[in-house]
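Assemble chain A onto chain U, guided by the hints.
Next come the chains, spelled out residue by residue.
2 protein chains.
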Amino acid sequence: MGEILHAIQDKYPDDFAWCYGCGRLNGDGHHFRTGWDGDKTITYFKPGEEHKAIPGFVYGGVIASLIDCHGTGSCALALHRKNGYEPNEDEEVPRFVTASLHVDYLSPTPIGTLLKAVGTVEEIHPKKWKVAVEVFADEKLCATGQVIGVVMPSTFATKK
Amino acid sequence: MGEILHAIQDKYPDDFAWCYGCGRLNGDGHHFRTGWDGDKTITYFKPGEEHKAIPGFVYGGVIASLIDCHGTGSCALALHRKNGYEPNEDEEVPRFVTASLHVDYLSPTPIGTLLKAVGTVEEIHPKKWKVAVEVFADEKLCATGQVIGVVMPSTFATKK
Numbered sequence: 000m001g002e003i004l005h006a007i008q009d010k011y012p013d014d015f016a017w018c019y020g021c022g023r024l025n026g027d028g029h030h031f032r033t034g035w036d037g038d039k040t041i042t043y044f045k046p047g048e049e050h051k052a053i054p055g056f057v058y059g060g061v062i063a064s065l066i067d068c069h070g071t072g073s074c075a076l077a078l079h080r081k082n083g084y085e086p087n088e089d090e091e092v093p094r095f096v097t098a099s100l101h102v103d104y105l106s107p108t109p110i111g112t113l114l115k116a117v118g119t120v121e122e123i124h125p126k127k128w129k130v131a132v133e134v135f136a137d138e139k140l141c142a143t144g145q146v147i148g149v150v151m152p153s154t155f156a157t158k159k
Numbered sequence: 000m001g002e003i004l005h006a007i008q009d010k011y012p013d014d015f016a017w018c019y020g021c022g023r024l025n026g027d028g029h030h031f032r033t034g035w036d037g038d039k040t041i042t043y044f045k046p047g048e049e050h051k052a053i054p055g056f057v058y059g060g061v062i063a064s065l066i067d068c069h070g071t072g073s074c075a076l077a078l079h080r081k082n083g084y085e086p087n088e089d090e091e092v093p094r095f096v097t098a099s100l101h102v103d104y105l106s107p108t109p110i111g112t113l114l115k116a117v118g119t120v121e122e123i124h125p126k127k128w129k130v131a132v133e134v135f136a137d138e139k140l141c142a143t144g145q146v147i148g149v150v151m152p153s154t155f156a157t158k159k
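Protein chains in written order, with numbering that gives the first Met the number 0: chain U, 0 to 159; chain A, 0 to 159.
The hints are simulated quantities; they were obtained by calculation from the structure and are not laboratory data. Note that the structure is a prediction, hence the values are computed from the model and not measured. One or more of the hints may lead you astray.
FRET-style restraints, in silico, Cβ to Cβ [as the list claims (entries may be wrong)]:
| no. | chain 1 | residue 1 | chain 2 | residue 2 | range |
| --- | --- | --- | --- | --- | --- |
| 1 | U | Asn87 | A | Leu105 | 33 to 41 Å |
| 2 | A | Gly47 | U | Glu138 | 31 to 39 Å |
| 3 | U | Asn87 | A | Thr119 | 21 to 29 Å |
| 4 | A | Pro54 | U | Asn87 | 22 to 30 Å |
| 5 | U | Asp13 | A | Gly1 | 45 to 53 Å |
| 6 | A | Gly55 | U | Asp137 | 34 to 42 Å |
| 7 | A | Glu90 | U | Lys39 | 47 to 55 Å |
Cβ atoms here follow ideal geometry from the backbone N, Cα and C, with glycine treated the same way.
So here's chain U without its partners, still in its complex pose (with noise of 0.2 Å):
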């Protein structure tokens, strides 16, 4: 419980594993961390006690942010598995940007508790793909979201 064993951003190659969100190689950011649970998707996380929005509750822009990670990391989990692939197996796995990104707060998120984003993904294009994103504070449902995401131009990429 609260541990993914395998992360599609684990697989990330170098360039793209910067992210403040999710990259593993950013040791400013929230090293948020996708993985599959069945068919849904899943990212846990643990605010830390300055990601307040006032004392005891989490900041809103720290939940849109594990929802935009989960979405863009659920988007390729899924793409990853329609071409054949589990992101345990060494293979290059795709890479998402956020088209759009929509939160609704349900109910105050108490901070101090693991977070547990809970993604449902659908193939909307094939390069083009919505996941529907529920966030739990321990059994409570706080947030709802959704993020349209569409697999990375090509123009992203940097010097190899």
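Just chain A now, with coordinates in the frame of chain U:
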């Protein structure tokens, strides 16, 4: 240019000035500050080098955070003005929470550039306001968003 003289966040009571996005008392946060420019609201922010998505471009979660706090700050400015006050006056200001947040990412946002969020506020109910937001990097429109803010419920109040 790039400076808000009288920000609504400067007047939030100390108990409500800890937000990771816009709290002046949060030593780790972004310190977003939102003020009037005529009938539009403005927040400037220069992301740090760590706030990247991939090298060269700003992380979408930071843009979402900017839009979130710009939105709630804009709601507070607008209700305060409706009540007859400007943020340079020594008068208690209203405080909003985010009901929903939407962001459309239109083009990659270059890092190292001052971002400018511009808001247009509309009252949809005495306790529920809507803010349409545009985020510019220099003169380029990089993202648009919408925030629905509601007056903070009294249940959020901590002991004084």
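### Query
Which earlier hints can't be squared with this structure?
3, 5
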